[in-house]
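Protein chains in written order, with the numbering used here: chain A, 99 to 192; chain B, 439 to 979; chain C, 709 to 912.
Be aware that a few hints might be false.
[Unchecked claim] Dumping the calculated SDA-like pairs for lysine to any residue here, alpha-carbon to alpha-carbon at most 20 Å:
#1 A:K161 to A:Y109
#2 C:K796 to A:S108
#3 C:K823 to B:L670
#4 C:K796 to A:Y109
#5 B:K456 to B:R547
#6 C:K752 to A:Y190
#7 C:K816 to C:V865
#8 C:K752 to A:F137
#9 C:K752 to A:A140
#10 C:K792 to A:S110
#11 A:K168 to B:W633
#12 C:K816 to C:A857
#13 C:K752 to B:R547
#14 C:K725 to A:H105
#15 C:K752 to A:L184
#16 A:K168 to C:E735
#17 C:K725 to A:L169
#18 B:K949 to B:V964
#19 C:K792 to C:E735
#20 C:K792 to C:S881
#21 A:K168 to C:S721
#22 A:K168 to A:L184
#23 C:K816 to C:L855
#24 B:K968 to B:G784
No lab work stands behind these hints: they were computed from the structure. The model shown is predicted, which means the values in this text are computed figures rather than measured ones.
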Amino acid sequence: MKHEDKHISSYSSLAIVLAVLLFLTAFSVWITGFHFGAFTVAVALIIACVKVATVLINFMHLKFENLFLKLLVTGVFVMFTLVIILTFVDYYFR
Amino acid sequence: MSISGSETQVSYLDYQGKHKGIWSWLLSTDHKRIGLLYLYAIIVFFFVAAFLGLLMRIELIAPGRTIMEPQTYNGLFTIHGIIMIFVIVIPGLAAVFGNFFLPILIGARDVAFPKLNLFSWYLYMIGAILGVLSQFIGGGAPDTGWTFYVPYSVESSTNVIYALTAAFILGFSSILTGLNFIVTIHRMRAPGMGWMRMPLFPWALYATAWIQVLATPIVGITLLMVIAERVLNIGFFDPALGGDPVLFQHLFWIYSHPAVYIMILPAMGIVTEIFPTFSQKPVFGYGAIVLSSLAIAFVGYFVWGHHMFTSGMSYNARWFFSFLTFIVAVPSAIKVFNWISTMYGGSIDLKPPLLYAISFIFLFMIGGFTGLVLGSLATNVHTHDTAFVVAHFHYIIFGGMGFAFFAAIHYWAPKMFGRMYNFRVANIAWVLNFTGFNLLYFPLFIVGLQGMPRRSYDYLPQFQSGHVLSTVGAFILIAGLLLMVYNLVRGARKGEVAPANPWKGVTLEWKIPSPPPHENFDDIPVITSKPYLFGNNSDNK
Amino acid sequence: MSVHNTHAEHIDSETGKLGMWIFLFTELFLFGGLFLVYAVFRAKYSAEFHIAAGELNAFIGTMNTVFLLVSSMTVAMSLTAIQKGDRKLAMFLVLVTILLAALFMVNKYFEWTHKFEYGIYPGSEVLKNMSHGELLFFGLYYMMTGLHALHVLVGMVLLSINVVRIKSGSVNSNHYLMLENSALYWHLVDLIWIFLFPLLYLIT
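Build the full structure now, drawing on both the sequences and the hints.
Structure below.
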């Protein structure tokens with residue numbers, strides 16, 4: 099079956115995405131040198147989330163997909179976050 | 439609505455493909471044949487597990503040892519639970535009737551991934567056989583209960599690993615079926631069938647499939663962790679190593695509570711198909727039923743904690759989970775109102791499928807209300823781990839899913855096999871099933887409230903009268919089940935030839951011949967109206 | 709809007725991709741269970757997790773992150789190449805991806821065997837004498853990286869099949885669903901690692 103309206107990412111745009119990801123990696127390694135106390139994990143996770151979003155949108159071509167799939171992917175992450183929160187309603191108050 | 443009968447194609451039962459004989463079934467990628475493969479497997483495993491259940495009931499007819507040793511009893515309730523839950527009720531309706539009728543109801547020729555569909559069946563069989571084998575090989579039947587609670591499931595010297603692996607494989611099969619259905623519903627609906635023109639059984643399957651896809655992996659990884667715990671001593675659930683057994687319960691129920699909705703949502707979908715047909719009236723509140731299915735799937739994902747009220751969970755978690763549990767009762771009740779309103783003022787035709795569908799409502803209501811008793815914190819403490827729980831979930835799972843399964847098979851058997859069963863025998867079997875069922879499980883509510891523990895081989899003499907009644911009920915039920923299956927099998931083989939539309943139904947499956955042709959439709963139908971429009975109504979909208 | 713294949717016909721690209729995405733969701737939740745366990749124990753034993761994480765070699769971890777990120781780019785580029793009809797380049801880029809995956813596994817191998825030499829493996833005496841938090845950290849470390857490594861291996865097999873298919877021409881500029889889906893799977897392997905890396909290596 100022929101792919102109608104193909105979306106093709108250019109080599110250079112993919113290379114730029116990689117550069118951003120490598121920079122973020124370096125940044126997260128560098129920033130662990132500082133001590134934010136309880137926030138260390140939060141900072142590391144925020145950077146990780148940014149990286150994951152970058153991969154999803156660019157490498158996995160989510161930017162070319164329909165709205166429904168975008169919502170689904172977001173929804174899956176939201177569901178998982180809710181599961182974590184609900185579990186911690188137990189652990190946090192125990 | 440366009441009618442697409444078929445004079446040119448042979449029925450799927452007579453179709454000769456690449457393979458001959460038994461291989462034309464075992465290697466078939468036809469969704470209808472795969473549906474039947476599931477059906478036959480499920481009937482066999484159901485009778486195996488029902489027989490184990492009957493043995494347990496015989497053991498419980500009197501206090502003390504009756505026919506077996508305590509350890510045998512532990513094995514029986516474990517394997518009974520594993521087979522019934524993982525092999526029968528979780529895949530049950532979706533794999534049998536979903537496979538057979540989902541593509542037909544949405545006007546497609548097959549599911550999106552036919553080969554994957556067959557692969558799921560093989561995974562299912564491997565898992566199911568492994569589950570049954572775990573009863574007989576090596577270190578003895580697993581004795582942990584189907585819930586595999588740690589720390590006992592880590593310590594027990596029985597075949598727990600086999601049972602865990604079986605459940606893992608069955609879960610994987612369930613995921614692939616769910617995935618297949620979601621994609622099928624998204625991509626393969628007939629032209630003109632917008633989302634709000636889709637019949638309600640596919641809607642229920644859609645909601646179910648999302649739970650299968652998003653909840654099952656969690657139990658998969660949990661079972662792997664228990665295996666790692668047993669083999670590698672990894673310590674996640676072992677307090678001696680700093681682990682937390684309650685964490686296992688969280689992980690287990692994050693899947694296993696939504697699993698209850700994997701069982702009940704397709705059941706609700708099926709009776710939603712039956713009520714309009716036998717009332718000859720459009721379904722009441724189409725949109726409300728759709729939304730309540732989705733709401734049940736979504737909210738049902740977040741109520742798992744109500745299985746853990748006595749586990750030492752924090753107080754805040756307990757009231758919050760209890761609150762969410764009460765919320766999930768709302769969409770369930772909406773559906774009940776819709777079914778009853780659909781019947782109201784209709785021309786009701788009390789055929790066997792409708793009998794089962796009405797008894798579904800009755801039994802599901804009892805199961806649902808007692809579920810609220812268990813979902814409230816105070817009463818839960820009293821009834822936790824008693825026979826009350828056993829009665830409650832049998833009312834939901836057997837009374838709900840089981841009776842919906844019987845309703846479905848009586849509704850669709852003429853379509854599936856092209857032959858009719860005997861109504862009189864079917865009605866007698868229904869009477870036996872319905873009385874037997876209530877006699878079997880209702881006394882358990884009472885002895886449970888009085889303090890009879892579940893999973894117990896022995897009991898105090900004061901509970902005996904309840905147990906005797908219950909065992910009598912078990913025999914009546916088994917007799918009813920055998921009669922029902924006999925009648926259906928006889929009908930499928932020798933019954934009179936069924937017309938294409940014996941019940942005057944209006945959904946797509948009734949517009950093609952019985953049994954359906956190999957490719958379902960000669961021409962894909964074009965949908966121009968809402969579903970469930972009967973008689974003159976169909977021209978108005 | 710709808711597609712009608714018969715019982716075993718060729719699967720169109722949108723359908724195949726949606727199926728793959730849903731499969732990836734289940735993979736996310738599979739690892740999600742482990743992340744949940746991690747979160748619970750990390751909250752309970754955060755000081756001990758810090759000490760244990762110090763035992764891991766952040767340099768190897770960073771190197772592996774770089775390998776996976778670069779490999780994610782090469783596999784995405786191979787998709788671009790096949791879409792543009794350049795089969796040779798596509799094949800070369802998939803081979804580079806496999807090579808990077810292999811380097812990741814070699815690194816992982818040395819990392820694990822190094823730990824084994826110190827007697828740090830599930831159920832070992834050394835581990836039993838450590839504090840509970842450290843013991844659980846290493847349990848999680850082995851479960852998570854082990855399951856992830858298994859996915860890397862599966863990904864390598866998938867990509868190798870693609871090399872053969874591109875060579876034979878059955879994956880080409882008109883039919884590249886297989887490569888597209890394998891790439892999606894490979895990106896998922898990368899995604900999981902992006903979370904694992906800070907949680908295991910960077911909390912010292």
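Hints, verified against the model:
1. Restraint check: the Cα-Cα separation between K161 of chain A and Y109 of chain A comes to about 16 Å, which is no more than 20 Å; the hinted pair holds.
2. Restraint check for K796 of chain C and S108 of chain A: satisfied, since their Cα atoms lie roughly 17 Å apart, inside the 20 Å limit.
3. The hinted pair formed by K823 of chain C and L670 of chain B meets the criterion: a straight-line CA distance of about 16 Å does not exceed 20 Å.
4. The suggested pairing of K796 of chain C with Y109 of chain A holds, with an alpha-carbon distance near 15 Å, which does not exceed 20 Å.
5. Our distance criterion of 20 Å between C-alpha atoms is met by K456 of chain B and R547 of chain B, whose separation comes to about 18 Å.
6. Restraint check: the Cα-Cα separation between K752 of chain C and Y190 of chain A comes to about 10 Å, which is no more than 20 Å; the hinted pair holds.
7. Between the alpha carbons of K816 of chain C and V865 of chain C the distance comes to roughly 18 Å, so the proposed pair stays at or under 20 Å and holds.
8. Of the supplied pair hints, the one linking K752 of chain C and F137 of chain A holds, its CA atoms being roughly 16 Å apart against a limit of 20 Å.
9. Between K752 of chain C and A140 of chain A the alpha-carbon distance is near 16 Å, which keeps this suggested pair within the 20 Å criterion.
10. With a CA separation close to 14 Å, the supplied pair K792 of chain C and S110 of chain A stays within the 20 Å bound.
11. Restraint check: the Cα-Cα separation between K168 of chain A and W633 of chain B comes to about 19 Å, which is no more than 20 Å; the hinted pair holds.
12. Proximity of K816 of chain C to A857 of chain C is assessed by CA-CA distance (about 8 Å); at most 20 Å being required, the pair is judged to hold.
13. Using a Cα cut-off of 20 Å, the hinted pair K752 of chain C and R547 of chain B is violated, with the two alpha carbons roughly 54 Å apart.
14. Simply put, K725 of chain C and H105 of chain A have alpha-carbon atoms about 14 Å apart, close enough for the 20 Å limit, and the pair holds.
15. For the given pair, K752 of chain C sits about 16 Å from L184 of chain A by alpha-carbon distance, which is consistent with the 20 Å threshold.
16. Among the hinted pairs, K168 of chain A with E735 of chain C is consistent with the structure: their alpha-carbon atoms are about 17 Å apart, no more than 20 Å.
17. The hinted pair formed by K725 of chain C and L169 of chain A meets the criterion: a straight-line CA distance of about 16 Å does not exceed 20 Å.
18. Note on K949 of chain B and V964 of chain B: the hinted pairing holds, with a Cα-Cα distance of about 13 Å set against a maximum of 20 Å.
19. In summary, the hint linking K792 of chain C to E735 of chain C is not supported, as the alpha carbons are separated by about 31 Å, beyond the 20 Å threshold.
20. With a CA separation close to 7 Å, the supplied pair K792 of chain C and S881 of chain C stays within the 20 Å bound.
21. Annotation: proposed proximity of K168 of chain A to S721 of chain C holds, straight-line Cα distance about 17 Å (limit 20 Å).
22. Straight-line distance between C-alpha atoms of K168 of chain A and L184 of chain A comes to about 24 Å, which puts the hinted pair past the 20 Å bound.
23. Straight-line distance between C-alpha atoms of K816 of chain C and L855 of chain C comes to about 12 Å, which keeps the hinted pair within the 20 Å bound.
24. For the given pair, K968 of chain B sits about 19 Å from G784 of chain B by alpha-carbon distance, which is consistent with the 20 Å threshold.
This entry does not satisfy hints 13, 19, 22, going by the numbered hints stated previously.
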